[in-house]
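Visitor: Protein chains in written order, with the numbering used here: chain B, 1 to 377; chain P, 1001 to 1383.
Rather than coming from a laboratory, the hints here were simulated on the basis of the structure. Just so you know, not all the hints are guaranteed correct.
Straight-line alpha carbon distances no greater than 30 Å define the calculated DSSO-like cross-link-like pairs of lysine-lysine that follow [what the hints assert, rightly or not]:
| no. | chain 1 | residue 1 | chain 2 | residue 2 |
| --- | --- | --- | --- | --- |
| 1 | P | K1215 | B | K12 |
| 2 | P | K1011 | P | K1215 |
| 3 | B | K104 | B | K93 |
| 4 | P | K1185 | B | K178 |
| 5 | B | K89 | B | K48 |
| 6 | P | K1113 | B | K162 |
| 7 | P | K1084 | B | K254 |
| 8 | B | K48 | P | K1185 |
| 9 | P | K1084 | P | K1113 |
| 10 | P | K1011 | P | K1380 |
| 11 | B | K178 | P | K1084 |
| 12 | P | K1111 | B | K162 |
| 13 | B | K93 | B | K178 |
| 14 | B | K371 | B | K2 |
| 15 | P | K1010 | P | K1215 |
| 16 | P | K1113 | P | K1146 |
| 17 | P | K1146 | P | K1049 |
| 18 | B | K89 | P | K1185 |
| 19 | P | K1146 | B | K162 |
| 20 | P | K1049 | B | K178 |
| 21 | B | K93 | P | K1185 |
Below are the chains, spelled out letter by letter.
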Amino acid sequence: MKFRRFYAIFRKEGMHIVRDWRSLGLALAIPAMLLLLFGYALTLDVDKIPTAVYDQDRTPQSRDLIAHFQGSRYFHITDLNATYSSIEKSINKSNVIVGIVIPKDFGRTILSSGAAQVQLILDGADSNTASIAIGYANALVATYSGEVRDRELSRRGTPKVKLPVDVRVRMLYNPELKSKNFIIPGLISVILMLVAAMLTSLTIAREWESGTMEQLLSTPVRPIELLMGKLCAYFVLGMADMVLALVLGMGVFKVPLHGSTLLLGISSMLYLFGALCWGILISTIARSQQVAFQISLLTSFLPAFLLSGFIYSLDNMPWIIQQISRIFPARYFVAILQGVFLKGIGFGLLWSNLLFLLIYAMVVFVIANKKLRPKIA
Amino acid sequence: MWERIYEILKKEIRQALRDPKLRATMFFPPVMQILVFGFAVSLDVNNVKLGWLDMDQTEQSRSLLHGFQGTSYFSLTGVAHSEKEAQALLDNGTADAVVRVPYNFGADVSKMKQTEVQVLVDGSNSNTASIVSNYITSVISGFNAKTLSSQRGARLVAASRNGPVLLAAPSVEAETRVWFNPDLKSRNYFIPGILVNIIMIVTLNLTAMSIVREKEIGTMEQIMVTPIRPIELMIGKTLPFALIGFIDSVFVTVLALLIFHVPFRGSALLLIGAAALFLLSMLGMGLFLSTISHTQQQASMTSFFFIQPAFMLSGFTFPIRNMPAPIQWLTYLNPLRYFMDIVRGVFLKGAGIDALWSQMLLLGIFGVAILVSSALRFHKRLD
Chain B
1 MKFRRFYAIF RKEGMHIVRD WRSLGLALAI PAMLLLLFGY ALTLDVDKIP TAVYDQDRTP
61 QSRDLIAHFQ GSRYFHITDL NATYSSIEKS INKSNVIVGI VIPKDFGRTI LSSGAAQVQL
121 ILDGADSNTA SIAIGYANAL VATYSGEVRD RELSRRGTPK VKLPVDVRVR MLYNPELKSK
181 NFIIPGLISV ILMLVAAMLT SLTIAREWES GTMEQLLSTP VRPIELLMGK LCAYFVLGMA
241 DMVLALVLGM GVFKVPLHGS TLLLGISSML YLFGALCWGI LISTIARSQQ VAFQISLLTS
301 FLPAFLLSGF IYSLDNMPWI IQQISRIFPA RYFVAILQGV FLKGIGFGLL WSNLLFLLIY
361 AMVVFVIANK KLRPKIA
Chain P
1001 MWERIYEILK KEIRQALRDP KLRATMFFPP VMQILVFGFA VSLDVNNVKL GWLDMDQTEQ
1061 SRSLLHGFQG TSYFSLTGVA HSEKEAQALL DNGTADAVVR VPYNFGADVS KMKQTEVQVL
1121 VDGSNSNTAS IVSNYITSVI SGFNAKTLSS QRGARLVAAS RNGPVLLAAP SVEAETRVWF
1181 NPDLKSRNYF IPGILVNIIM IVTLNLTAMS IVREKEIGTM EQIMVTPIRP IELMIGKTLP
1241 FALIGFIDSV FVTVLALLIF HVPFRGSALL LIGAAALFLL SMLGMGLFLS TISHTQQQAS
1301 MTSFFFIQPA FMLSGFTFPI RNMPAPIQWL TYLNPLRYFM DIVRGVFLKG AGIDALWSQM
1361 LLLGIFGVAI LVSSALRFHK RLD
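If we strip away everything but chain B, and leave its shape as in the complex, we get:
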């Protein structure tokens, strides 16, 4: 491998990237757009759940219970004068997710020390919001139930009944439970995969399509020099995206970084290198942009998006899908990213993930190098 020829290829690729403003713009604009979307617009945090109330009782007790819901930031009461049919209609139109129905004898039952019932009707279609809403609603009703009981017992002069076990839940790593704190670090893996595998495979497939690859062949450039030159040019672009992600994520969206920057840097480079080699490998197999796009979408973007634990937790997937996810580097990198950003854990716990990224990068590099050779020769 001669440095001069490698450098010539590197410069040529660099010029290609800079000159094609659209590819360059997209290579930087898509990541920026994804970061803005996930940092600003998209959140899984459930609050202000639209709620309708059907109060058949209209006693101080029922109003007291409603006040508990009004005071909670998780519920937003949109309709205080609902009826069964209006709740049904609103849920059908997805205007309301929770319906609270307070039966006629609610206040009387409480006054006569009975067990009063409240009916909660939930739109289960969005199961995630519904299950979180059930948790909040049950907790509110339980709190109210405790208050009512204590009030009655103190009126009677009997000692208050304390719950035998008091639960103290402490959230580690992400105490405010903000979804962006785990989504943005994971997003880095999607962004790098996007730029590396997709953009690279497309650009090189274009060279095959338009025949400029053959022109390169007639020069004394050797495959390894060609490979390295292209890799390095896109590597620079990928690293620029990495920096963009860090600046936006940490600077603008205030995602905390608890772990080591060095570990973050090393793992990103390994991952990026592997992804780039994968992109080149795709282009040598596909040879046409349309096919390269489809293959890279299926083998790089989708796994990085879905099979990485970036939004959807891997633990809850069927066994076979979990095994498939092990073939792709994204899940290892997402584990590193979330570990370094949120948990602040180091090499001691993450070495196996790093090792996989290294092996993956080397294997794909060797194959890409081999695949490129016979096509050139």
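The hints should help you fit chain P onto chain B, whose structure is shown.
Guide: For chain P alone, coordinates are given in the frame of chain B:
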């Protein structure tokens, strides 16, 4: 005119079916997507990895542990003997949550003195964390209720020697009824949404790509010297992909029903009608993309640039309700939002035209507007 459209159609379909790779891209990715998405996309928490730090080791603490093991949600993945080990279980991801039972737990419980159980939850995935914390709290409330009732029984026996004691205290219970998806499976919510994504990707991409490819390899000029008029070319270029989009969506719906047993409660006719309206927007977008792209790479990157945010802002995973207000207004311009509502309404709620007419109407307006303006632009570009 129809003759020429027919010829273009024939050419397009032949071209699309001739290339084995292209043929594969029409049907293979949708199947892959429905399978991968269907199995992978879930926000359910079915299996909580529980760590246990029992400093008490009494009958009572073991009974609390049985409470956890008695539900199908928890599996005990680690037993810690110190705070440090508990932290390690969470650090390396062996456990999603660690329950820490304090020293005199058993003694306090039998003395009817309040005791405190600490729960450490890995909050890094905030969504999982809040569900995990709900599950744990409900298991402990179950334990509380059981203990309280046995205590009450004991007190009643003790107190009854001096005459009856009124122990009944008022309480309020929530009776929960979940509609449409009683098992709260997120798969039922996501799979209909995937249909939207697949139709979009297939039709938008194929339309844009097939036109841009002709431009790129120079056959567009050859077509233009023939007597074919732009409108005929457009119809010939979009109809085959509309057809493929339809076939794909029926295919994917059948797969969704067969493999994932997603309920389908509404009218198939309504869904087909909505899909046709949605296709108008997508074909229009495809045409539009083809007018702003010169190479297939540009087309695919640009389409990606449209598809990604449109999909993200459609309410597929992230509820539109939770977005900041300006973004929520923006989503009103997104045809996917309406189609997503319709598809989910039809599949899960059995909603009819009376609940969905506004979405249908807007989808139709957007479809016609996008298709007509793209067609005009396309027409101008060709002249």
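Visitor: Could you run down the list of hints and mark each one as holding or not?
Guide: Tested hints:
no. : hint                : verdict
1   : P/K1215 <-> B/K12   : holds (26 Å)
2   : P/K1011 <-> P/K1215 : holds (16 Å)
3   : B/K104 <-> B/K93    : holds (27 Å)
4   : P/K1185 <-> B/K178  : holds (23 Å)
5   : B/K89 <-> B/K48     : holds (20 Å)
6   : P/K1113 <-> B/K162  : holds (8 Å)
7   : P/K1084 <-> B/K254  : holds (29 Å)
8   : B/K48 <-> P/K1185   : holds (22 Å)
9   : P/K1084 <-> P/K1113 : holds (28 Å)
10  : P/K1011 <-> P/K1380 : holds (24 Å)
11  : B/K178 <-> P/K1084  : holds (26 Å)
12  : P/K1111 <-> B/K162  : holds (12 Å)
13  : B/K93 <-> B/K178    : holds (29 Å)
14  : B/K371 <-> B/K2     : holds (20 Å)
15  : P/K1010 <-> P/K1215 : holds (19 Å)
16  : P/K1113 <-> P/K1146 : holds (15 Å)
17  : P/K1146 <-> P/K1049 : holds (24 Å)
18  : B/K89 <-> P/K1185   : holds (23 Å)
19  : P/K1146 <-> B/K162  : holds (14 Å)
20  : P/K1049 <-> B/K178  : holds (21 Å)
21  : B/K93 <-> P/K1185   : holds (20 Å)
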